[in-house]
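**Student:** If you want the building blocks of each chain, they are given just below.
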Amino acid sequence: MARNNSLEKLEKGEIPERYQRNIGTIGVVGQQKLLRGKVVIVGAGGLGGNIIELLARQGVGFIRVIDGDSFAVHNLNRQLLATEQNIGVNKAIAAVERIAAINSDIITEAIPQMLTKENAKELLADVDVVVDALDNIRDRLLLSQITRELGLPFVHGAIAGFTGQVTTLLPGDVGLERIYKKDSSGEKGIETQLGNPATTPALAAAIQCQEVVKLLTGIGEVLQNRLLYFDTEFNLFEVLTLK
Amino acid sequence: MYIEVRLYATLRRYYPSWIAGVSSVEVQPDSRVSDLLNTMKIDTAEVHIIMVNGISSTLDSALQEGDRVGLFPAVGGG
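Chains as they are written, first to last, in our numbering: chain A, 1 to 243; chain B, 1 to 78.
Just chain A, same shape as in the assembly (with noise of 0.2 Å):
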């Protein structure tokens, strides 16, 4: 397999070439562990497609996607995964599909579904992080409490208009109710009123994908207890405090 080949060369401290550029950043024991890292995107919309993207380029080296979704023409603004060709195809097959044809290390598993109350700890099992690319606060509310439940890290991320957030939620950590109010299950946020613009969503997974490297790396800090909120109207990155 591709990826044992990629391993070997790694164990003996040789680069394989399509990792050229990522050991400056994360050494070859850095890509070794994240060729090792079992990542699971719940979501493959604006913000899963870039997540996944990045992911597959960086050389993670098992992705499981779920969504139960399929591309409509007003994906097209925004999700990488969407193209004029495969409209009405399942974004999760379109994942792996895409996954594949960028990096044949991976091992991928399409999930065709949506997450729910009785299917999440069966979907969520043997993953080392659980990322969330949803769209709406309901089933973020139920992911972050069940990753909690399973005690796995959990990246969280959301946008709207100009604006995105991400942290990282570490086993026994409080889960998404420091964000969002618990009453606003069922909620949609302002993304109702803003939209979702093409470039918001690269902006935050770009930024969940760091969080997702350094966890399978150990290098630096996650956002753990933090907030990284911004709103680009105004050029505001700020770093919040979540007690």
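Everything labelled a hint here was simulated from the structure, so no lab data went into it.
Quantities reported herein were computed from a predicted structural model and do not represent experimental measurements.
One thing to keep in mind: the hints can contain errors.
Unchecked claim - So the derived label-pair ranges between C-beta atoms look like this:
1) A:Glu233 <-> B:Ala45: 31 to 39 Å
2) B:Thr44 <-> A:Ile15: 21 to 29 Å
3) A:Ile15 <-> B:Ala20: 25 to 33 Å
4) B:Ala45 <-> A:Ile15: 40 to 48 Å
5) A:Glu118 <-> B:Glu65: 49 to 57 Å
To be verified - Below, in silico cross-link-like pairs of lysine to aspartate or glutamate (EDC-like), each with a Cα-Cα straight-line distance of 20 Å or less:
6) A:Lys181 <-> B:Asp67
7) A:Lys243 <-> B:Asp60
8) A:Lys243 <-> B:Asp67
9) A:Lys188 <-> B:Asp67
To be verified - Quick partial rundown of chain A residues pointing at chain B, CB under 10 Å, derived from the structure:
10) Ala160
11) Lys214
12) Gly218
Virtual Cβ for every residue (Gly too), placed ideally from N, Cα, C.
We have chain A; now place chain B onto it with these hints.
**Tutor:** Positioned in the frame of chain A, the structure of chain B alone reads:
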């Protein structure tokens, strides 16, 4: 006393004349965040995150002269 308030995203529409959503607001001494929102006539249902001097706080948090308060709506898209 005066509080420096920064409004984020959709909350800026309450005070469209503020430059970049920032201004100083006068409240009574011993006010709490809820009093500030009442003074500003901002619907508390719209405010999901409250920061006082960069630390997450609640409607009941007490304010002091010169505090910096950030008010954030819910961001839920993807």
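**Student:** State for each hint whether it applies.
**Tutor:** Verification of the supplied hints:
1. Range check, glutamate 233 of chain A to alanine 45 of chain B: about 23 Å between beta-carbon atoms, so the 31 to 39 Å window is missed.
2. For the pair threonine 44 of chain B and isoleucine 15 of chain A, the beta carbons lie near 55 Å from each other, so the given range of 21 to 29 Å is not met.
3. For isoleucine 15 of chain A paired with alanine 20 of chain B, a C-beta distance near 46 Å fails the hint of 25 to 33 Å.
4. One distance hint, 40 to 48 Å for the beta-carbon pair alanine 45 of chain B and isoleucine 15 of chain A, is violated here, with the actual separation near 54 Å.
5. In this structure the hint that glutamate 118 of chain A and glutamate 65 of chain B lie 49 to 57 Å apart at CB holds, the actual value being about 53 Å.
6. Taking the CA atoms of lysine 181 of chain A and aspartate 67 of chain B, the gap is near 23 Å; set against the 20 Å cutoff, the hint is violated.
7. With a C-alpha separation of about 14 Å, the suggested pairing of lysine 243 of chain A with aspartate 60 of chain B holds against the 20 Å cut-off.
8. Our distance criterion of 20 Å between C-alpha atoms is met by lysine 243 of chain A and aspartate 67 of chain B, whose separation comes to about 18 Å.
9. Taking the CA atoms of lysine 188 of chain A and aspartate 67 of chain B, the gap is about 30 Å. The hint is violated against a cut of 20 Å.
10. About 5 Å separates the beta-carbon of alanine 160 of chain A from the nearest beta-carbon of chain B, less than 10 Å, and the hint is met.
11. Look at lysine 214 of chain A: its Cβ only gets to about 21 Å from chain B, farther than 10 Å, so that hint breaks.
12. The closest approach between the C-beta of glycine 218 of chain A and any C-beta of chain B is roughly 27 Å, which is over the 10 Å cut-off, so the hint fails.
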